[in-house]
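Enquirer: Can you build the whole structure from these sequences, using the hints too?
So the protein sequences, as listed, match chains A and B.
Taking the working numbering, the leading residue of the first sequence gets 1, the next gets one more, and so forth.
Taking the working numbering, the leading residue of the second sequence gets 1, the next gets one more, and so forth.
By construction, these hints were calculated from the structure, which means they are not laboratory data.
Don't be surprised by glycine CBs; every beta carbon is placed ideally from N, CA and C.
Honestly, I wouldn't trust all of these hints.
[To be verified] Using C-beta positions, here's what the derived DEER-type ranges look like: (1) Gly275/A <-> Arg238/B: 43 to 51 Å; (2) Arg40/B <-> Asp91/A: 46 to 54 Å; (3) Asp280/A <-> Ala37/B: 53 to 61 Å.
[As the list claims (entries may be wrong)] Only part of the chain A face toward chain B is listed, based on derived beta-carbon distances under 8 Å: (4) Leu119; (5) Thr135; (6) Val156; (7) Ser193; (8) Glu246; (9) Leu261; (10) Arg370.
[Claimed, not checked] Simulated coverage check for chain A against chain B, where a stretch passes if three residues somewhere in it have a Cβ under 8 Å from a Cβ of chain B: (11) 105–118; (12) 375–383.
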Amino acid sequence: MPPLAILHYTATTALGRGRDAQLNALRERRGGLRRNDFGDDRLDCWIGRVDGLESEALPAPLAGWECRNNRLAWLALRQDGMLEAVHAARDRHGADRVAIVIGTSTSSIGASEEAYARLEDGAFPADLQRPIVHTPHSLGDFVREATGLRGPCVTVATACSSSAKVFAQAARLIQAGLADAALVGGVDTLCGSVLFGFNALGLVSQAPCKPFDATRDGLSLGEAGGFALLERADGAPGLSLRGYGESSDAHHMSAPHPEGLGARLAMGDALARAGVAAGDIGYLNLHGTATPANDTIEAQAVAALFPGTLHASSTKGWTGHTLGAAGIVESVIALLALEHGVLPGILNSAEHDPACGEQIRFGNAERPIRYAMNNSFGFGGNNCSLVFAAA
Amino acid sequence: MSTLSATIEGVGFWTTGLPDWTSARAYLRDGTMPDAAPTRPSPQLLAPNERRRAPDTVAVALEVALAACNDAGRDPRALPSVFASTHGDLGITDYMCATLAGDPRSISPTRFHNSVHNAAAGYWTIGAGCTQATTAISAYAATFAEGLLEAMVQLAAGQDAVLLVGYDGGATGPLAPVSMSSGLLGGALVLARNPKADAPRIEITITDGDATRADGLARIAGGNAMAPMLPLFEALARAGDGVSLFAGRGRTLKVGIAHG
Numbered sequence: 001m002p003p004l005a006i007l008h009y010t011a012t013t014a015l016g017r018g019r020d021a022q023l024n025a026l027r028e029r030r031g032g033l034r035r036n037d038f039g040d041d042r043l044d045c046w047i048g049r050v051d052g053l054e055s056e057a058l059p060a061p062l063a064g065w066e067c068r069n070n071r072l073a074w075l076a077l078r079q080d081g082m083l084e085a086v087h088a089a090r091d092r093h094g095a096d097r098v099a100i101v102i103g104t105s106t107s108s109i110g111a112s113e114e115a116y117a118r119l120e121d122g123a124f125p126a127d128l129q130r131p132i133v134h135t136p137h138s139l140g141d142f143v144r145e146a147t148g149l150r151g152p153c154v155t156v157a158t159a160c161s162s163s164a165k166v167f168a169q170a171a172r173l174i175q176a177g178l179a180d181a182a183l184v185g186g187v188d189t190l191c192g193s194v195l196f197g198f199n200a201l202g203l204v205s206q207a208p209c210k211p212f213d214a215t216r217d218g219l220s221l222g223e224a225g226g227f228a229l230l231e232r233a234d235g236a237p238g239l240s241l242r243g244y245g246e247s248s249d250a251h252h253m254s255a256p257h258p259e260g261l262g263a264r265l266a267m268g269d270a271l272a273r274a275g276v277a278a279g280d281i282g283y284l285n286l287h288g289t290a291t292p293a294n295d296t297i298e299a300q301a302v303a304a305l306f307p308g309t310l311h312a313s314s315t316k317g318w319t320g321h322t323l324g325a326a327g328i329v330e331s332v333i334a335l336l337a338l339e340h341g342v343l344p345g346i347l348n349s350a351e352h353d354p355a356c357g358e359q360i361r362f363g364n365a366e367r368p369i370r371y372a373m374n375n376s377f378g379f380g381g382n383n384c385s386l387v388f389a390a391a
Numbered sequence: 001m002s003t004l005s006a007t008i009e010g011v012g013f014w015t016t017g018l019p020d021w022t023s024a025r026a027y028l029r030d031g032t033m034p035d036a037a038p039t040r041p042s043p044q045l046l047a048p049n050e051r052r053r054a055p056d057t058v059a060v061a062l063e064v065a066l067a068a069c070n071d072a073g074r075d076p077r078a079l080p081s082v083f084a085s086t087h088g089d090l091g092i093t094d095y096m097c098a099t100l101a102g103d104p105r106s107i108s109p110t111r112f113h114n115s116v117h118n119a120a121a122g123y124w125t126i127g128a129g130c131t132q133a134t135t136a137i138s139a140y141a142a143t144f145a146e147g148l149l150e151a152m153v154q155l156a157a158g159q160d161a162v163l164l165v166g167y168d169g170g171a172t173g174p175l176a177p178v179s180m181s182s183g184l185l186g187g188a189l190v191l192a193r194n195p196k197a198d199a200p201r202i203e204i205t206i207t208d209g210d211a212t213r214a215d216g217l218a219r220i221a222g223g224n225a226m227a228p229m230l231p232l233f234e235a236l237a238r239a240g241d242g243v244s245l246f247a248g249r250g251r252t253l254k255v256g257i258a259h260g
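Expert: Set out below in structure tokens:
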């Protein structure tokens with residue numbers, strides 16, 4: 001595929017607001033997980049919570065979209081000059097020619113949960129009788145209103161691969177000539193549905209998650225938001241999206257394919273589309289949820305494709321699993337690795353799982369790299385891999 | 001402004017009262033409706049026990065998806081797919097929110113994993129044994145137009161054929177007066193890059209303007225959140241030459257149709 005320039009990118013997670021907060025925490029190996037302090041009924045687990053959302057009300061013109069998820073979207077959009085960059089792209093290309101492709105898993109279902117908790121005579125309370133916050137496109141519609149863009153505007157909701165797939169869909173829209181630039185990204189916030197849902201599946205650890213550790217026993221949930229601005233590359237040096245690969249496991253709704261079939265297809269397809277050899281990837285950010293099943297299968301799929309020299313890691317020990325935002329957050333980490341040469345290892349993990357190959361690195365490394373990759377896999381066996389390049 | 005084109009090789013359709021494309025076309029032609037139409041689709045792609053347990057939205061999506069593949073003579077395993085739904089399964093959203101408000105620790109793990117917006121896409125790829133890419137999108141009233149756009153750009157990016165499925169179900173519980181959607185509605189198209197004898201070609205352009213109003217199928221399924229797709233299905237049935245689909249505030253997706 002023709003490369004797409006990544007002119008701006010940002011993320012806000014439990015590690016803090018904006019790129020520097022992510023980079024510094026990764027470099028200093030300072031995690032963002034805390035004991036669960038979300039909601040009234042608190043499961044015994046650890047979470048990656050974004051501080052300050054409770055006091056970050058949306059500005060009056062956007063009040064119709066008010067909810068925790070759109071607050072995080074608005075907060076993330078204003079870091080690292082992203083909103084100004086979007087306005088500049090709008091002025092450069094015209095509002096009709098900039099697309100919005102945004103990923104989320106649960107969008108603002110937290111608002112629907114709140115409405116059910118505060119029913120008045122069986123009906124939603126007046127302040128929550130706003131249909132837009134009770135539907136998945138709450139996020140995409142909010143971003144459209146907040147940016148003034150008028151190009152194609154869509155919310156991708158393929159569970160935990162959502163905000164990786166946005167890069168692929170945006171690349172296609174630009175390649176087909178339907179847009180000259182695209183704002184991509186994703187936002188997911190903590191809510192009862194995911195805390196109690198993943199708990200019901202037996203996938204939540206009571207301790208901070210330990211990706212790829214031999215004693216790992218489940219994930220830690222987190223919330224996050226992030227964005228990237230894509231444009232047709234003009235040959236100038238800089239970061240770029242070089243390839244994407246998408247596949248389906250065709251196996252099970254909530255368990256990965258035992259041989260990692262879909263993961264291999266997605267990674268192989270992304271490398272092929274990028275025209276990059278597996279040996280040229282300098283850093284791979286893994287899906288690495290820290291569930292017993294995911295990590296072994298993903299490590300084996302990686303070992304089947306990549307040489308032992310690859311530095312691969314999951315950064316979910318820092319941020320928690322941010323679900324529909326994981327794709328953008330971990331793409332941002334891959335882009336930081338390309339820009340700064342900081343290759344994160346794995347936080348909280350100490351005991352190597354003999355079933356995982358030497359590609360899986362617990363310690364950080366610092367060296368310049370040319371290509372980085374990100375894996376995001378979701379329920380339904382929905383997989384996406386992305387290849388990014390420096391210079 | 002760029003124009004993209006495709007062949008519509010196959011169509012699938014199901015709504016309460018009109019359980020396939022043949023009966024939908026008959027209804028548009030002379031107003032007849034089949035006697036004793038089933039109240040729920042029975043998607044043959046799923047094993048019998050799964051067929052009964054699947055959420056309504058999954059059942060209708062898989063039903064029309066398979067019908068469109070059969071109509072096109074395409075193997076479901078070979079097609080990448082785009083699943084477009086405004087709300088996903090509102091019945092499950094109602095269950096999740098009501099349970100969280102009452103007894104959160106009793107959430108059903110199966111209903112939780114069925115609550116993801118890509119549940120139908122997941123069951124489709126599992127049932128069909130399809131490892132091709134699939135996606136699940138929403139764009140509120142522009143959901144079908146954005147789904148059609150994504151299917152068309154997949155063809156432009158080199159795919160030979162793509163399956164597009166639009167579907168929504170009915171709202172239940174306290175959500176019903178807010179997320180208004182009633183009945184069960186699904187429509188599917190197999191879109192292909194190359195022309196095929198006797199199959200209609202479409203071309204699409206995004207522009208400013210208003211959407212075409214559906215006037216036939218809307219009498220049956222107009223209350224469903226996926227109703228904005230109905231003008232296209234009506235035009236296909238009546239050999240119309242084009243429609244405009246709602247594509248966001250003030251925007252439309254103009255679909256020109258050339259019948260083979």
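Enquirer: Hints first: check each against the structure and report whether it holds.
Expert: Structure-based check of all given hints:
1. Gly275/A <-> Arg238/B: 43 to 51 Å: Since the Cβ atoms of Gly275/A and Arg238/B sit about 47 Å apart, the hinted range of 43 to 51 Å holds.
2. Arg40/B <-> Asp91/A: 46 to 54 Å: Cβ of Arg40/B to Cβ of Asp91/A: about 51 Å, so the range 46 to 54 Å holds.
3. Asp280/A <-> Ala37/B: 53 to 61 Å: At roughly 58 Å between Cβ atoms, Ala37/B and Asp280/A fall inside 53 to 61 Å, so the hint holds.
4. Leu119: With a minimum Cβ separation of about 6 Å from chain B (threshold 8 Å), the hint on Leu119/A holds.
5. Thr135: holds, 5 Å
6. Val156: holds, 6 Å
7. Ser193: holds, 5 Å
8. Glu246: At 3 Å from the nearest chain B Cβ, Glu246/A passes the 8 Å test, so the hint holds.
9. Leu261: Constraint on Leu261/A satisfied, holds at 7 Å.
10. Arg370: violated, 25 Å
11. 105–118: holds (count 7)
12. 375–383: holds (count 5)
Hint 10 from the earlier list is the only one contradicted by this structure; the remaining hints agree with it.
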